[in-house]
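K.L.:
Residues per chain are reported as follows:
Number of protein chains: 2
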Amino acid sequence: MKAQVLNAIKQPLNMEHHDDLSPDNSEVVIEIVAAALNRRDYWITQGMYPGIGTPVTLGSDGAGRVVSCGSDVSDLAAGDEVIINPGWRWGDNPMVQDEAFRILGMPDNGTFATQLVAPREQVYPKPPHLNWHEASALPLAGVTAYRAVITQGKLSRGERCLVTGIGGGVATFAVQFAAALGAEVTVTSSSDEKIANAERFGATAGFNYTQDGWTQQARDRIGEFDLIIDGAGGADYNQLVDLAAFGGRIVNYGATAGPPAKFDLFKLFWKQLKLTGSTMGSPQDFQSMLDFVNEHQIRPVVDGAYPLEGVNEALDRMKNSKQLGKIILEVSSIG
Amino acid sequence: MKAQVLNAIKQPLNMEHHDDLSPDNSEVVIEIVAAALNRRDYWITQGMYPGIGTPVTLGSDGAGRVVSCGSDVSDLAAGDEVIINPGWRWGDNPMVQDEAFRILGMPDNGTFATQLVAPREQVYPKPPHLNWHEASALPLAGVTAYRAVITQGKLSRGERCLVTGIGGGVATFAVQFAAALGAEVTVTSSSDEKIANAERFGATAGFNYTQDGWTQQARDRIGEFDLIIDGAGGADYNQLVDLAAFGGRIVNYGATAGPPAKFDLFKLFWKQLKLTGSTMGSPQDFQSMLDFVNEHQIRPVVDGAYPLEGVNEALDRMKNSKQLGKIILEVSSIG
Numbered sequence: 001m002k003a004q005v006l007n008a009i010k011q012p013l014n015m016e017h018h019d020d021l022s023p024d025n026s027e028v029v030i031e032i033v034a035a036a037l038n039r040r041d042y043w044i045t046q047g048m049y050p051g052i053g054t055p056v057t058l059g060s061d062g063a064g065r066v067v068s069c070g071s072d073v074s075d076l077a078a079g080d081e082v083i084i085n086p087g088w089r090w091g092d093n094p095m096v097q098d099e100a101f102r103i104l105g106m107p108d109n110g111t112f113a114t115q116l117v118a119p120r121e122q123v124y125p126k127p128p129h130l131n132w133h134e135a136s137a138l139p140l141a142g143v144t145a146y147r148a149v150i151t152q153g154k155l156s157r158g159e160r161c162l163v164t165g166i167g168g169g170v171a172t173f174a175v176q177f178a179a180a181l182g183a184e185v186t187v188t189s190s191s192d193e194k195i196a197n198a199e200r201f202g203a204t205a206g207f208n209y210t211q212d213g214w215t216q217q218a219r220d221r222i223g224e225f226d227l228i229i230d231g232a233g234g235a236d237y238n239q240l241v242d243l244a245a246f247g248g249r250i251v252n253y254g255a256t257a258g259p260p261a262k263f264d265l266f267k268l269f270w271k272q273l274k275l276t277g278s279t280m281g282s283p284q285d286f287q288s289m290l291d292f293v294n295e296h297q298i299r300p301v302v303d304g305a306y307p308l309e310g311v312n313e314a315l316d317r318m319k320n321s322k323q324l325g326k327i328i329l330e331v332s333s334i335g
Numbered sequence: 336m337k338a339q340v341l342n343a344i345k346q347p348l349n350m351e352h353h354d355d356l357s358p359d360n361s362e363v364v365i366e367i368v369a370a371a372l373n374r375r376d377y378w379i380t381q382g383m384y385p386g387i388g389t390p391v392t393l394g395s396d397g398a399g400r401v402v403s404c405g406s407d408v409s410d411l412a413a414g415d416e417v418i419i420n421p422g423w424r425w426g427d428n429p430m431v432q433d434e435a436f437r438i439l440g441m442p443d444n445g446t447f448a449t450q451l452v453a454p455r456e457q458v459y460p461k462p463p464h465l466n467w468h469e470a471s472a473l474p475l476a477g478v479t480a481y482r483a484v485i486t487q488g489k490l491s492r493g494e495r496c497l498v499t500g501i502g503g504g505v506a507t508f509a510v511q512f513a514a515a516l517g518a519e520v521t522v523t524s525s526s527d528e529k530i531a532n533a534e535r536f537g538a539t540a541g542f543n544y545t546q547d548g549w550t551q552q553a554r555d556r557i558g559e560f561d562l563i564i565d566g567a568g569g570a571d572y573n574q575l576v577d578l579a580a581f582g583g584r585i586v587n588y589g590a591t592a593g594p595p596a597k598f599d600l601f602k603l604f605w606k607q608l609k610l611t612g613s614t615m616g617s618p619q620d621f622q623s624m625l626d627f628v629n630e631h632q633i634r635p636v637v638d639g640a641y642p643l644e645g646v647n648e649a650l651d652r653m654k655n656s657k658q659l660g661k662i663i664l665e666v667s668s669i670g
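Chains as they are written, first to last, in this note's numbering: chain P, 1 to 335; chain Z, 336 to 670.
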């Protein structure tokens, strides 16, 4: 097998040849057909993630075919088309992950490789309506968006939903899921082009947050928001607190722009807002996300694809936040 | 009737003689027996509250006897012992107050007077086990604590609950309600005396937040908290985010120490915390609070009493945060 390995932080990933994998009793070995990048992969290469251990094969997202199963696995067979739930050892509490929780692709070897070994319970059928690129794009961002919008955000038909920083994978899925639910979806971006594209997959309005006065424009044109889905935080976080309706909810699945400079706790309590943190998703969230994607025939937005050999170029594209949707790695030949 | 009137901000309240009140069709006139102070009264005297109009009789909390009822009010009679729900025009949504929501005691004339007129739906039977001081102490802080701890905080038996800034009325009720629910209650204060007193009404541990290292001591002795009830915010707010358990909840009913200097959004999403703002309570909250207080025979903690003529001295005591529990005004002779 071949694997793209991180041997030290701030080094490019290095393609290496390793022995083929074999499963323990309860495991499955999968031939990866396509993998997808997440910002987490980039953070790890930069040393900006807790508890980094090397060498490790990165990659949380992948789709492929079953190669072999351990002796206790009777319900999968070689050739089955599958995707991998990258949230491992969530535990029994649907509200929050256990201490043992870990995300595929560090410390466990991930999907940027021709083979992966995973516990049986992490392996799910590939949604039949998705091609390999789309299937590989779904798991991490899909479950994160599902939990943020639906499990935690409890979005319902007709509500106004604001999704910030459209372009990232989670934000893109959040728009699609919110639109499929029948919500009125507004987006923000620093790119007018991304805003225009977001209308293709369900947004009905968008604002460029680098332009002064965008919050007032949003308020005038749309109104206040019942649910805000944010992965950024940062200096302007109070703008989101302002734009939330009385009794509104804000769900944060990340803080890529750093902690808020200030936080208007007065508005939080007077407007009776709910600010909820959300990370990845439980096994139940993952199954519900797949059911939702199948029911609504949702197709992940793909930015573009690189061969496995081009993983470092792919990481560069993510570093510069140029993408709209998921960046794919083609690992095996796609038949 | 006599009333303590604010004629201009930063002026002492002034006792004035006005005509006796008469009810409209759907109103009730009440002879106030005892009133209680809230921090809101002090903020209004200092001009630190939105939309202050003068002249106005302050006071949100009161208990007394029905004097007369409007023609549409058939289920109350002169002499009935009642308390007043100070949250007026909440509206139909239990999640959040309407724009029309207002708190008794500005703009409507309040309870620091010998008579009050109130809409029928704001008037509730006085809990029979309470004396007049206790009954007057209950409404505003009681409903705020009930909503924070139970409606929003969803505290359950056996959970660990931290109540900050014990001494204020809401915090005191929060401890009592949490203890009545069977939670393990820890408190904080800047006063060792208040911490010691808090054990009288249900706390099992307390920490002086002016002492370095109190959060580590709390973590070592108690562990992390499932629910934190805070009315302060302020520079050290991240200490509460640190002390919250994975999947924990923080409910803020105020921000008397100002906005947090920083806010650790990373911990919010990774620990999947829920930060909920809570203001006063709905009519359903008020009724549920009364039922809870009656069921558990909870008696409000009274700091001390002043005659109605001493309202300015009472406000001074609140200004200096010397009180533990509610500060009472005796309005009519208590028989």
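Keep in mind that the hints were calculated from the coordinates and are not lab data.
Treat the hints with care, as some may be off.
Claimed, not checked - What follows is a set of in silico ranges between Cβ atoms, one per label pair, in the way DEER data are often shown:
| no. | chain 1 | residue 1 | chain 2 | residue 2 | range |
| --- | --- | --- | --- | --- | --- |
| 1 | P | D98 | Z | M383 | 25 to 35 Å |
| 2 | P | P107 | Z | G548 | 24 to 34 Å |
| 3 | P | D220 | Z | E559 | 35 to 45 Å |
| 4 | P | D72 | Z | G593 | 54 to 64 Å |
| 5 | P | G213 | Z | Q381 | 55 to 65 Å |
| 6 | P | G51 | Z | D547 | 26 to 36 Å |
| 7 | P | K262 | Z | G645 | 52 to 62 Å |
| 8 | P | Q297 | Z | G548 | 55 to 65 Å |
| 9 | P | G213 | Z | K337 | 27 to 37 Å |
| 10 | Z | N466 | P | D291 | 32 to 42 Å |
| 11 | P | T54 | Z | M383 | 49 to 59 Å |
| 12 | Z | G426 | P | K262 | 23 to 33 Å |
| 13 | P | D220 | Z | E644 | 44 to 54 Å |
Here the structure is a predicted model, which is why all the values come from computation and not from measurement.
For each residue, glycine too, the CB sits at the ideal point set by N, CA and C.
K.L.:
A separate judgement is required for each hint: does it hold in the structure or not?
P.N.:
Each hint, compared with the structure:
About 45 Å separates the C-beta atoms of P/D98 and Z/M383, a value inconsistent with the hinted range of 25 to 35 Å. Checking the proposed 24 to 34 Å range against P/P107 and Z/G548 shows it holds: the Cβ atoms sit about 33 Å from each other. Between P/D220 and Z/E559 the C-beta distance comes to about 43 Å, which sits within the given range of 35 to 45 Å. One distance hint, 54 to 64 Å for the beta-carbon pair P/D72 and Z/G593, holds here, with the actual separation near 58 Å.
Between P/G213 and Z/Q381 the Cβ separation comes to about 34 Å, which falls outside the hinted range of 55 to 65 Å. Judged by the Cβ atoms, the range 26 to 36 Å given for P/G51 and Z/D547 holds: they are separated by roughly 28 Å. Between P/K262 and Z/G645 the beta carbons are some 40 Å apart, a value that contradicts the proposed interval 52 to 62 Å. Look at P/Q297 against Z/G548: about 56 Å separates their beta carbons, and that is inside 55 to 65 Å.
Remark: the range hint 27 to 37 Å for P/G213 to Z/K337 is contradicted by a beta-carbon distance near 52 Å. For Z/N466 paired with P/D291, a C-beta distance near 58 Å fails the hint of 32 to 42 Å. For the hinted restraint 49 to 59 Å between P/T54 and Z/M383, the CB-CB distance of approximately 55 Å keeps it satisfied. As the Cβ distance of Z/G426 to P/K262 is approximately 30 Å, the hint placing it in 23 to 33 Å holds.
Distance hint check: the CB atoms of P/D220 and Z/E644 are about 52 Å apart, consistent with the given range 44 to 54 Å.
The structure does not agree with the numbered hints 1, 5, 7, 9 and 10 stated previously, though it agrees with the rest.
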